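Please model the complete structure; the sequences and the hints are all you need to start from.
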Amino acid sequence: MSPSLQLPLLDGDEPRGEYEPLHLKGRPSRPRERSLLWLKAITTAVLVLIAILVFFFPDDARHYLHLPPPSSGHHTPTRDRIQDIVTSIIGSAPSPPHNTTAETIPNTAHFVYILQDPDADFHFEFSHYLAIYAAAHHWRPDTLYFHTNARPAALDRARAGTSGRWNALILNLPRLTVRAVTVPTHAGNGVALTGMEHKSDFVRVKAVHELGGVYVDWDVHALRDLAPLRGAGFRAVAGRQKEGDLNSGTFLAARGSRLTQLWIEGMNAAYDGQWETHSNGVLTAVAERLVREEGEVLIVEREAFAPGGWGTGDVAELFAPHFGEKSNLDGKRQGDELGVFDEGPGVVGNNPLWARDWSFTYLLHAFRPGRASKNPWGFEAITPRYVFERQSNFARAVYPVAKDMYDRKIIQLDDSHEG
1 MSPSLQLPLL
11 DGDEPRGEYE
21 PLHLKGRPSR
31 PRERSLLWLK
41 AITTAVLVLI
51 AILVFFFPDD
61 ARHYLHLPPP
71 SSGHHTPTRD
81 RIQDIVTSII
91 GSAPSPPHNT
101 TAETIPNTAH
111 FVYILQDPDA
121 DFHFEFSHYL
131 AIYAAAHHWR
141 PDTLYFHTNA
151 RPAALDRARA
161 GTSGRWNALI
171 LNLPRLTVRA
181 VTVPTHAGNG
191 VALTGMEHKS
201 DFVRVKAVHE
211 LGGVYVDWDV
221 HALRDLAPLR
231 GAGFRAVAGR
241 QKEGDLNSGT
251 FLAARGSRLT
261 QLWIEGMNAA
271 YDGQWETHSN
281 GVLTAVAERL
291 VREEGEVLIV
301 EREAFAPGGW
311 GTGDVAELFA
321 PHFGEKSNLD
331 GKRQGDELGV
341 FDEGPGVVGN
351 NPLWARDWSF
361 TYLLHAFRPG
371 RASKNPWGFE
381 AITPRYVFER
391 QSNFARAVYP
401 VAKDMYDRKI
411 IQLDDSHEG
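Residue numbering for the sequence shown follows UniProt numbering, starting at 1 and increasing by one per position.
It is possible that part of the hints are untrue.
[Said to hold, decoys possible] Straight-line alpha carbon distances no greater than 35 Å define the calculated DSBU-like cross-link-like pairs of lysine-lysine that follow:
id: 1; residue 1: Lys199; residue 2: Lys326
id: 2; residue 1: Lys403; residue 2: Lys326
id: 3; residue 1: Lys332; residue 2: Lys403
id: 4; residue 1: Lys199; residue 2: Lys242
id: 5; residue 1: Lys409; residue 2: Lys332
id: 6; residue 1: Lys326; residue 2: Lys242
id: 7; residue 1: Lys403; residue 2: Lys242
id: 8; residue 1: Lys242; residue 2: Lys206
These aren't lab readings, by the way, just hints derived from the structure by calculation.
Bear in mind that the values here come from a model prediction, so they are computed numbers and not experimental data.
Next comes the structure, spelled out in C-alpha cells:
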C-alpha cells in the first residue's frame with residue numbers, strides 16, 4: 001500500500017489520522033500542496049524566531065512569551081556552591097532563642113557612591129536627586145547616610161555647586177551625613193574585587209550591619225513610607241525580584257542583624273567575580289534559611305520592592321512614553337500650578353489601560369534603561385519635563401515627589417537631566 005500523507009504535528013496537537021491514500025485520489029490538488037508548504041514554512045519561521053529570542057534575549061523571551069520565571073531554588077553549580085557555603089557558616093546548631101529586646105530597624109537611609117578616583121567629581125543627574133529626595137520626602141529619616149571614598153576637596157566642590165547642580169542639591173540635603181569609607185580591594189577568600197559595583201556591594205552590607213537602617217540603590221525610588229515594614233517585628237526585610245532571587249539593591253536591617261552578619265561572612269567566602277554570586281545569591285540563601293527563625297527576616301513579594309525587570313520589554317513597560325496620552329503639561333508654563341492625582345486602588349478605573357497600579361509598591365527599583373539592549377522608543381532621559389508629562393508608568397509613579405520639588409521651587413519644568 002502506498003504510504004499515507006500526514007500533516008506535521010504541532011506541539012499539543014493530537015494525531016489527526018491518515019489522509020486517503022494518494023493513489024485513490026490521483027494527484028493531490030494544488031491548494032492542498034500549497035497549504036502544506038505554507039504550514040511548514042510558517043511553523044519553521046515561528047520556531048526559528050522563538051529560538052533567536054530565547055538564545056539572544058532570554059529576559060525578553062520570558063516577557064513576550066509569558067513564561068514563568070525560574071524558581072529561586074533551581075540548581076546550578078554556582079547556586080549549590082553558595083548553599084554549601086551558607087550551610088557551613090550557619091552550621092547545624094539550633095536556632096538562637098528569639099531576642100525580644102533586640103534592636104528594631106532604625107529610620108535611617110543609606111546611599112553609597114564609590115569613585116574610581118577619590119579626587120574626581122561626582123556625576124549625579126536629576127534621577128539620582130529624585131531618588132534620594134524621595135527617601136527624604138516619604139520617610140523623614142533621622143539621618144541620610146552618604147557613604148563615599150571621595151576626598152574632602154571633591155566634597156567641597158560638590159557642596160559649593162562648582163561641579164554640578166545636582167551634586168550640590170544632593171550634598172546639601174538636610175540631615176545628610178557624609179561617612180568616609182575604605183573601599184575593599186579583595187574579598188575574604190583572597191579574590192580581587194572587580195568593578196566598582198562589586199566594591200559597593202561590600203560597603204553597603206557592612207554599613208547597614210554597623211548602623212542599621214534602609215539601603216537603597218540610586219535607581220530605587222521610594223513611593224511611600226516604610227514605617228509599617230520597619231515596625232513589623234522583624235530584624236531584617238528583603239524583597240523578591242524577577243526570577244525569584246532576593247534583590248540586593250534595597251534591604252532593611254537592624255544594627256548587627258543575623259542577616260547582615262551572615263551575608264558579610266557568606267559574600268567574603270563566595271565571591272568569584274560574577275555579577276550576583278556574592279550579592280543576590282548569598283542574600284537569597286541566607287534569608288531563606290533565616291525565615292524559620294522567629295523575627296529574623298521578612299521576605300516580601302516582588303511587587304513590594306522590585307516590580308519591574310531589566311529586560312528590554314520590562315524597561316519599555318516602565319519608561320516608554322505613551323504619546324497618545326494627553327500631556328499633563330499641555331497649556332502649562334513655568335510657574336503654573338500642577339495637578340494633584342489620586343491613583344489609589346479605588347480609582348484604578350479612571351487611569352489609562354496601560355497604567356500600572358503602584359498602590360502596593362513601597363520601593364520602585366527602576367532598573368536603568370542603559371541596562372537593557374536599547375532605550376525604549378521615545379525615551380531619552382529622566383528629566384523634570386518627562387516626569388511632569390505623566391505619559392509613562394515611571395513618570396506616574398514618581399510624579400508626587402517631583403511635584404513637591406517643583407512646588408518648593410527646587411526644580412523647573414525644563415531643567416536638564418545633567419548637572
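Hints violated by the structure (listed by number, smallest first): 1
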